[in-house]
Amino acid sequence: MTGHTPSAEAATDEPLVRVRELSVRFPGVDAVRDVSFDIRPGQIVAVVGESGSGKSVVARTLLGLAGPGAEVSAAAATFDGQDLLGFPEARWRTLRGGRVGMVVQDALGAFDPLRTVGAEVAESLWQHGTVRRREYREEVVRLLTAVGVPDPRLRARQHPHQLSGGLRQRALIASALAARPELLIADEPTTALDTTVQKQILKLLRGRADDGLAVLLISHDLAVVAELADHVHVMRDGAFVEEGPTSRVLGAPEHEYTRELLAAIPSAGTRGRSLTGQYPALASDKPEPGRVLLRAEGVHKSYLAGGSREPIVAAHDVSLVVRAGETLGVVGESGSGKTTVGRMLAALVEPDSGTVEIDGTPWRRLRGARRRDARRRVQVIYQDPLSAFDPRFTSAQVLAEPLRLKGSARADRMAELLGLVGLAESVLDRPARQLSGGQRQRLAIARALAAEPDVLICDEAVSALDVSIQAQVLDVLSDVQHRLGTAYVFISHDLGVVRHIADQVVVMRAGRVVESGAVPELFDAPQHPHTKELLDSVPGFGDPKALVKPS
Amino acid sequence: MTGIVKPVVLRLAASVVVLWGAATATFFLLQATPGRTVDVLLARTQAGPEVRAQIVADYRLDDSLPTQYLTYLERLVTGDFGSSYVLRRPVVDAIGGQLPYSLQLIAATLVLTVIASALLAVVSANRRRWVQSSFDAIESLVVAVPPFWLGLVLMGVFSFTLRWLPAIGATSPLGLVLPAVALAAAPIAVLTRVLREGVLHALTEPFALTARSRGLSEVALRTRHVLRHAALPATALLGWIAGSLIGGAVIIEIVFARPGVGRLMLSAVQNKDMPVVTGVVLLAAAVFVVVTILVDLASRVIDPRVRG
Amino acid sequence: MIVRRLGLVLAVVVLAVLVLAAAFPSLLTGADPNAADLLATLRPPSGDHWFGTDQNGRDMFARVVYGTRASLLIGVGAATLALVGGVLVGTLAAQGGRVGDQVVSRLLDVVLSVPGLLLVFLAAAVFGAGGGTAAIGLAIGAVPGFARVVRAEVMRIRGSHYVEAAYGFGATRLSVVLRHVVPNAVGPVFALAMVSLGAMIVASSSLSFVGLGPQPPTAEWGAMLAGARDFVSIAWWPTVFPGAAITLTVLAATVVGTRLQRAFDRKEAR
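Keeping their order, the protein sequence lines are chains A, B and C. Numbering-wise, the first sequence is residues 1 to 551 according to the working numbering. Numbering-wise, the second sequence is residues 552 to 859 according to the working numbering. Numbering-wise, the third sequence is residues 860 to 1129 according to the working numbering.
Read the hints as simulated data drawn from the structure, not as lab findings. Even glycine gets a Cβ: it sits at the ideal position worked out from N, Cα and C. Misleading hints may appear alongside valid ones.
Stated by the list, open to error - Okay, the calculated bits of chain B under chain A, using three or more residues with CB under 8 Å as the criterion:
| # | stretch |
| --- | --- |
| 1 | 767 to 777 |
| 2 | 850 to 856 |
Stated by the list, open to error - Selected chain B positions facing chain A (in silico; Cβ < 10 Å):
| # | residue |
| --- | --- |
| 3 | Trp681 |
| 4 | Gln683 |
| 5 | Ser764 |
| 6 | Pro784 |
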């Protein structure tokens, strides 16, 4: 059985996928409510929404994989004219992989780690009989080459963990397209990737669409959607609140939710104002930066990773300065060493050579009680607040710990801290692990502030949060800085966030500082090629309205 | 392939260390045995000082401790485990004579365990809650039953009441059935559970979704993907089971009065026949070490992530 | 759900009855477990003798009840010793730096290489058979398992962000250990101890069966079964009741232990 070739006519009247009033119900939850959309060959249709909006359920339902316990109903749901609602399992299996392929977020988990990449890519060939058995190897090589994997013969023999994130994602796309489907469902295909790698994957998808592949793109990232999609649906709480050509929806949004989402995106254009609109005081100017609190001078750090003989250089000749009341952004891709630098500033890690000073004294010279006192002045907020709390603690216990160590945990002080971060007092009695992501991060900030630090190191503190929640936490951080004058070291891979919040920035790559300077100036006129590369890769340049596609 | 040499060599080196540790420990235990060896040896006879002196010389009981230790190690390496105090035969002979019977039992048990567990796991790896719960309950019950009691009950039912199978002392293949079943019951329960949970867990992993999205049937998903994943914890468990069977086989042999290392070991303990006791212990340690290496190799074959 | 609750309640009740039988056996039966009536040997269960009589005419029910103490003592003793030993050794390995860790782990490997039952055989050969030897031998055999769990837990907790944060607030080493390490590590280990209890009881009864446990005339379930073996063909009750007692005990201990384990897993994995 040969694969289906996409229709030669560019715009037929009958769409490839036609969905009207689709609803998906699980016990106790209406995950998807009355959504309708079309997808045509060669078109990239996006469904954008935050976590819990139901967008992934829509994707999986198109493959009949909504999950156990799902009740699916619709006025119409057709693929190439065939009615999906009555499909028996056997017909779904022909559809899956053969006519509709799927790519998900994390290729490391999506591939079977015990099988070779080649075997995984060939599995669709096996299932749908696209080519004869003895032609598998050549076909796999052809598929990998077509998605831009260099040295495909070697890669096909390797296992998924031996490939880099970008190569893995390409291979995953290859495996989804192996049996030549007409529609590709891409559920957060680039979320786990570095920005520069993401750019290449988006280019790949655009190329395939231009060749006639229909694409359903599921994403929380408005910038990615702006870069790639022709048509977009905005989803919230299971329903579509707005839809239309990308340029219209993102350029002139009509629904309030879409406007809020767009306003919440941090970028160069949002500097100095509240992302959520709830903190008007942020518009006033910040006081001038004060004295130097932390200084790193010529710092080196390398690790011996298990197994390899070559040491990994986490930091090479890194120098930077943190001033009171100022936010220093440390930006770079994964493996750039930014987390290690942050940990050295907090004295959690000792550099191999070079010095890190707090208020003029090297950390090395501080011992015992003096060291403990100094440690209190630099606090850390982590990316995953779940691991930052003792799993047995209630929120009150979490907050009380630093207070107790300084003196006593007075109720009025705790209420004051909660007020600073915008948390209601009712969270105190609940177990800390039951709070939502945004609440947990705010509790982490409140806890850190309880120690009355001079510097707060935020290590990818908002990276795991939805856009609107991220906006809230960023606003809280800005507000706290305005009130208390705390300095921040903001470590992030997200250029938009750094452009929004930082005063000074340090760009890192492979352990080295490639460029540093004041924020609006450095990004407006970057000098170093890597900085330019980073800026270039950001889809929509951090501001989706700046990059609109003609419909 | 060079990637596999280094870890194997390391594992062999670690195994040698373990064996050396076991040998050293048994040596010091021997020294700690209350009552001088000479007295134990001569417990049944009246002997004059010349005979005592002869025995001291033969067993080198007057040498300094480090010398005795080194001699001990030296003899072990050459395969000389000494002579049984009671049987007046080299330990290697005494154990070697009984070993085949025990090995038969252990082998039969292992085969039975693997086959029964695989079949039961396939049957019980069902998403339905009540199927899982019932298997869980039965497995807990089986593990709670002492193997020797199970042997007694089986004997009572099948040998004496129904008269289908021989009871005591039998060396025929039929005589293996009841002992093997009694010994295999608990391992089957545990291995089935681990296999089942491995399968059910793997079915919820992200790669299962990907495989389904390619159009794979549930059967194909299990055979091509899930089984291999479930085999990982099962292999490690099987290794541990094989090690513990040595101890269990000793008890079961005594229950069924079968020839084998069990009977030998028990009388050796009762008579304080230290060479035989330590010989069996060291043998068990050696078997365990071999099994560990095999499990390690098997894991590397199944899981390429371990190879690094 | 109800079935689960019921199972846990039953298990706890069974354990309570067993503790009662071990501590105050005279409350459960008036008969004397050692009173031999040679005119009434091997009588089947009846109104006079609920579990029948054994080959010496002794009342089986009384022997089973009075045997609870000896049968449980070794298992409980071994589990407790293993728990304490495992915590000490595991903590030593986790806190002892790279060298300490390696040394301890190698020692544990050596112990692990010999099956628990054979260790007791070895101990019995050296120190003589008896309940104490059996308990110590079983405990030593189980220590590596406990130590590994303790070591893994301590290392995991030590590397966690909340411990790091606690140091950042100025906590001393001791307060971190007391406030975070111990409370978080104790749960999984204790649950393991309960589950191991079942295995210990099976093992100790096996040892008594072959004569390496408490010596006669102490009533003990495994020893009773040894005596019953010769009469399997003619009397089922001397075999069935002591064995059922062992099985029931182990089942109850395992049920409670597994519930504890699941409760602690759920607390962590949210």
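How the hints compare with the structure:
1. 767 to 777: holds (count 5)
2. 850 to 856: Holds, because 4 residues of the stretch 850 to 856 of chain B bring their Cβ atoms closer than 8 Å to Cβ atoms of chain A.
3. Trp681: violated, 16 Å
4. Gln683: Violated. Min distance 14 Å.
5. Ser764: Hint holds; Ser764/B Cβ to chain A Cβ min 4 Å, cut 10 Å.
6. Pro784: Given a least distance of 13 Å, the restraint on Pro784/B is violated.
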